[in-house]
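Peer 1: Listed below are the residues making up each chain.
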Amino acid sequence: MSPMSDGLPNPSDELMKSVAVSVVIPCYNTERYLAAAIESVLTQTLSPTQVIVVNDGSTDRSAEIARGFIDRVTVLNRPNGGISAARNTGIHACTAPLLSFLDADDLWTETKLEQQVSILNDDPGLDGVFAHAQQFISPELSEEESKSIACRDVAMPARLASAMLVRRESFLKVGYFNEDLEIAETVDWLARADELGLHFNVLPGVMLRRRLHRSNSGVVKRNARSDYARALKAALDRRRQQKAQTHEH
Amino acid sequence: MSTTYRINAPNVNSECIDGEVIIVNLESGSYYSCVDLGAYLWSRVVAGDTTEVIVRDLVAAFARDQAEIEATVADYVSQLEKEQLIVATASSEAPGLSIEVALPVQFGIPELHSYSDMKDMLLLDPVHDVADVGWPAKPER
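Protein chains in written order, with this note's numbering: chain A, 3 to 251; chain B, 27 to 167.
Derived by calculation from the structure, the hints in this document are not laboratory data. Wrong hints could be hidden among the right ones.
With a straight-line cut-off of 25 Å between C-alpha atoms, the simulated DSS-like cross-links for lysine-lysine are [as the list claims (entries may be wrong)]:
1. A:K235 with B:K145
2. A:K245 with A:K235
3. B:K145 with A:K175
4. B:K108 with A:K235
Footprint (simulated), chain A over chain B, 3 or more residues, beta carbon under 8 Å [said to hold, decoys possible]:
5. 43-50
6. 64-72
In this text the structure is predicted, and so the values were computed from the model without any measurement. Glycine included, every Cβ here is placed at the ideal spot set by N, Cα and C.
Bound-form chain B, shown alone (with noise of 0.2 Å):
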């Protein structure tokens, strides 16, 4: 069975702007970028979309081998859980983020652009203090 995530709340949020996704991780300070097709990725993998249906609407949309966008699907995935972006979760847990990302045109290699040039003033905000329930109740960990 193909597993799903969700985004790392509350220290990790995101915003779609222009196209562009901006990630924050306020635990770690740093903050990502991605386009095109790591923004599509993105708003699917944090809507909790499993990794199967994202590759089957792949495969669906551009001429590409399985093979191919099942193995990019999977790297990109790895990244973004490795930065701990995302959490592996059960698929019967609560509705995930829904961030609206169009389907690229073309089928690129999605990157994920990662700085760290603002992370003792990212780092020092209360807000990763507190779970999303709100204050004080302590986050999970």
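Excised from the complex, chain A in its bound form (with noise of 0.2 Å):
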């Protein structure tokens, strides 16, 4: 790796001759937050090769403001089917052999995809890596509203689609995201994934910095809530079988 400047490594030639990474960022109704998301991806110490912003038929101005963008970027809009179709739409188009995402009012540090290219590059037996992640509150609410939040201001493991940096090949092994779930997607994408034996790593540093707002989607459908239950059903359900699978061999 070449020398440090500003305490941040600069990728080298060779890193950035040798990898490629498509970046997928479903967004819906996010036109306070798009562009500082998009931003954040375009800023990276490794530049991706490929960025797609798909946006889910937003009622918004998410659309012109994806646009503002389009000589770096990609829009693709569909009708609203929400983000696991919209992820999905993504990654159909997507070309390099490394995918990521990143939800549309979330962010990534600036060395984040630096950091994790050069993990999978220097370990072909890993399939992907995570990150950290930190919560911070959006700017834009009120110091009532603010103190309403339960943040939780800590780095925590982040096993989450916004987190993630995956070989391309390994994530279509696994199979694209469940369309009939609302919010619990990347819960089952991730237990389908283990069940595959596909090998992660978390990396310790903080590499998503995750906006808590008005309307995160966890808050806005809280009645998708079950999707948890049916996504961890569906993951019991396909381990059971494939125990009585492995018995009965």
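Could you use the hints to bring the two separately framed chains together as a complex?
Peer 2: What follows is the structure, encoded as structure tokens:
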């Protein structure tokens, strides 16, 4: 790796040449936060080769904001179908051997891709890497609103889509996100990945900043909380089936 | 007087799928599974039924000694409370949660299976930060 500057490593030419990363940013009515999310991707110390914003039928200015980055970002529009469908639309268009995702209200720290790509390059046995995440309260919230949110202001290991970098080939072995789930799609996907024996590391550094605001999908879609139970039940059933098959053999 | 309980909302939610109750605790990141009598007891407890009424119904349904059933129900409820899945409440509170679980054909010791393999994901979900009345009300502690 090249010498450090400003405390941050500079990606070597070799690293830059050897990797290609596609980034999928699904968005639905996130006009307030989308530009910051895109910028956190475009200002990475290791630039992705492809950035795809999937506008999932937004009724606000999200599409217009995404088009403001049209020289560096591909914008795909689709009818509203939820975050899984939007991510899947983006994945279909991805061409790079490494895939990553960022929710339109969250932010990457600037060396996220570089650190994760470096780990994957060094260890061909790894299918993907996650990182730590830190929550923050969106600055536009009033003091009163901010006080009402129980924000865990500590670095937490984050097996979340936005904190993941995964080999495209490995991702496709697991399959696409379950479009029937509104909020537990990553729990479901990762359970399937674990069952296939895929190998992931969770890197120690904070690489994802997770915004808490008035309309986090988990908050807006409170009625979809049963998705967790459904995803977990499906995972338990698959494991039992797998165990039963192992015993049979 | 017998105690009543309610589900520890908003951090705990549950669903009965194909006869199996899955309980998710977004505060601890753990999730649980129970079937048969365990699932049935969960449904009765979170519905707000008193342990006294539940025991009475089980004694009527199974040819078992009342003391044995009382001990079984007490142990299971104590386990649910210890895992912070339910909280004791005054019986005059709002109606409890309705989950349809059939009475099992046979009496068997109820089991609550606990899992923590999805902890990191469940803990990061913003759902647990708000109360049932909606954003941005602070959850009761």
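Peer 1: Would you mind marking each hint as holding or not holding in the structure?
Peer 2: Hints and how they fare:
1. Proximity of K235 (chain A) to K145 (chain B) is assessed by CA-CA distance (about 15 Å); at most 25 Å being required, the pair is judged to hold.
2. At most 25 Å may separate the alpha-carbon atoms for a hinted pair to count; K245 (chain A) and K235 (chain A) meet this at roughly 15 Å.
3. Restraint check: the Cα-Cα separation between K145 (chain B) and K175 (chain A) comes to about 24 Å, which is no more than 25 Å; the hinted pair holds.
4. For a cut-off of 25 Å, the pair hint linking K108 (chain B) to K235 (chain A) stands: about 23 Å separates their Cα positions.
5. With a cut-off of 8 Å between beta carbons, the stretch 43-50 of chain B has 6 residues touching chain A; three or more are needed, and the interface restraint holds.
6. Judged by the Cβ-Cβ criterion of 8 Å, the stretch 64-72 of chain B is not covered by chain A as claimed, because only 0 of its residues qualify and three are needed.
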